Amino acid sequence: AATATAALRLRAAFLSPPPPPAAAAASAAAASRLLPRRPTASILLLPLRRLCSVPPHAVGDAGTGSSSQPSPVMDAQFESFRAQLDESSTLRDRIRAVVSEVESASRVASAALLLVHQPVPLADVLGKAKAQVEVIKGLYSRLAEILKECPGQYYRYHGDWRSETQAVVSMLAFMHWLETGGLLMHAEAQEKLGLSSGEFGLDVEDYLTGLCFMSNDFPRYVVNRVTAGDYDCPRKVLSFLTDLHASFRMLNLRNDFLRKKFDGMKYDLRRVEEVYYDVKIRGLVPGESKQEAA
Amino acid sequence: MATDAAATAHSASAGCSAMKAEFAKHAEYLNTLNDKRERLVKASRDLTMNSKKAIFQVHRISKNNKEEVLSKAENDLTVVVNQYIGKLVKELQGTDFWKLRRAYTFGVQEYVEAATFCRFCKTGTLLSLAEINDSLLELGDKSVEPLQINVLDYVLGVADLSGELMRLAIGRISDGEVEYAKNICAFVRDIYRELTLVVPLMDDNSEMKKKMETMLQSVVKIENACFSVHVRGSEYIPLLGSSADPDYSFFGASDFDQ
Chain A
1 AATATAALRL
11 RAAFLSPPPP
21 PAAAAASAAA
31 ASRLLPRRPT
41 ASILLLPLRR
51 LCSVPPHAVG
61 DAGTGSSSQP
71 SPVMDAQFES
81 FRAQLDESST
91 LRDRIRAVVS
101 EVESASRVAS
111 AALLLVHQPV
121 PLADVLGKAK
131 AQVEVIKGLY
141 SRLAEILKEC
151 PGQYYRYHGD
161 WRSETQAVVS
171 MLAFMHWLET
181 GGLLMHAEAQ
191 EKLGLSSGEF
201 GLDVEDYLTG
211 LCFMSNDFPR
221 YVVNRVTAGD
231 YDCPRKVLSF
241 LTDLHASFRM
251 LNLRNDFLRK
261 KFDGMKYDLR
271 RVEEVYYDVK
281 IRGLVPGESK
291 QEAA
Chain B
1 MATDAAATAH
11 SASAGCSAMK
21 AEFAKHAEYL
31 NTLNDKRERL
41 VKASRDLTMN
51 SKKAIFQVHR
61 ISKNNKEEVL
71 SKAENDLTVV
81 VNQYIGKLVK
91 ELQGTDFWKL
101 RRAYTFGVQE
111 YVEAATFCRF
121 CKTGTLLSLA
131 EINDSLLELG
141 DKSVEPLQIN
151 VLDYVLGVAD
161 LSGELMRLAI
171 GRISDGEVEY
181 AKNICAFVRD
191 IYRELTLVVP
201 LMDDNSEMKK
211 KMETMLQSVV
221 KIENACFSVH
231 VRGSEYIPLL
241 GSSADPDYSF
251 FGASDFDQ
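Chains as they are written, first to last, in full-length UniProt numbering: chain A, 1 to 294; chain B, 1 to 258.
Below, computed lysine-lysine pairings styled on DSS-like, alpha-carbon distance capped at 27 Å:
| # | chain 1 | residue 1 | chain 2 | residue 2 |
| --- | --- | --- | --- | --- |
| 1 | A | K260 | B | K36 |
| 2 | B | K20 | A | K266 |
| 3 | A | K261 | B | K99 |
| 4 | A | K260 | B | K42 |
| 5 | B | K25 | A | K236 |
| 6 | A | K236 | B | K20 |
| 7 | B | K25 | A | K261 |
| 8 | B | K99 | A | K148 |
| 9 | B | K25 | A | K260 |
Source of the hints: derived by calculation from the structure; they are not laboratory data.
All values derive from a computational prediction rather than experimental measurement.
From just these sequences and the hints, can you work out the full model?
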């Protein structure tokens, strides 16, 4: 038992990390007491040789085993992945180039629409914006052409044009309301952008998010219309927004981006209600006297 | 004046009902989509859980029971394919796989990890994406486009494989199978090298970048373990726990005075 303990202690000395110099000297002395007198080399070299997982003469060749050679099959597979992903990356760059043009044209159209807040004839404002809508329509047809190259992958790249499309829908819906006083339907929005319901269509959630963005324009619009003397505008807008909000409440929304945007719509509605209240309480609504209002 | 008001009211109510009809359609579409998404998330969770079971089964491997453990793991994977991936396939048939990818990607990644892990333990090679997809062709309706795992999910699954291989390597070293651990080390290095070239090209590579950091940590752990064995001879650790009389001759101490 004593022999075994001694051997284990010695083995622990070999396997543990190198001790500090003082401790090293002490452990060497202990080892010399434990072992019978022998040539030093046989004590030290033999264990070290045995402790190596590869015999010393084989160390030079250790790296050349078959296990360390990369598999040609694996190489080929990942090479093909790189080619596929490279192709996808190139396609994405082309999509982004078109989308940046969409964003630019949309910005010009939105800037033109901002003139509704000033005393400029509506026809002139809409004329400038409509010219840009035609440009945007052409860009979407280019986008559809690019997407034809990878059928069935619309939603793989959808994130690249989603926010721009939502902004475009918002602008189109606002223009449509200015012209007709009604809601731009999904099919009409698709038609205005020259999209089909097939391979490259307008995603329903993008359309709905665009409508939520559109509601953000109304509070400022009614304030400026009232300032310009159009006292009936708040009533029209309030009626429309109330219907739109009620329609949105029909949807079972998840806790996602659309839900967040819809939650913001009630603040727009409240602001329009306040403007309408201010106008009505002062008897400024056409066809009503102060007494009727009271 | 009254007629004007009536006309306005009439057009407003017509507009309102048209709006309601439009939104009723959208409500139906969103309900269908959300229900499908929920079912996919559940199927994906089942797939994740059962793939994990197959991985745990493979980890029970040792020198003596290799064939038995791997055949059981393969059976587990067959069940996973037929039942749980089958469920995904049924849900996704005829729809756009990319639209709902976020709902099922984690389950698919876990399955890729389990299948590649099992294959490596059996043959020492990497199960290819083509082989995985071939095995899924049988599941779907022949008339509809079958579910095919995409490159991104496969690569993400293979990246996770390194963690399991690291655990396996450490386990094999403690069982004295040092050469096996070295093979694992070389294999994981190869995968890491290959993926290094793929990551920059991936669609949304933020998730993959995190996985690559973790993968490098796994590679380093395996390398350090192999280094420790090589330098310190940890292959002799099993002697400490053995009841048989140990042989201390390797200490140069075989002829102690009894």
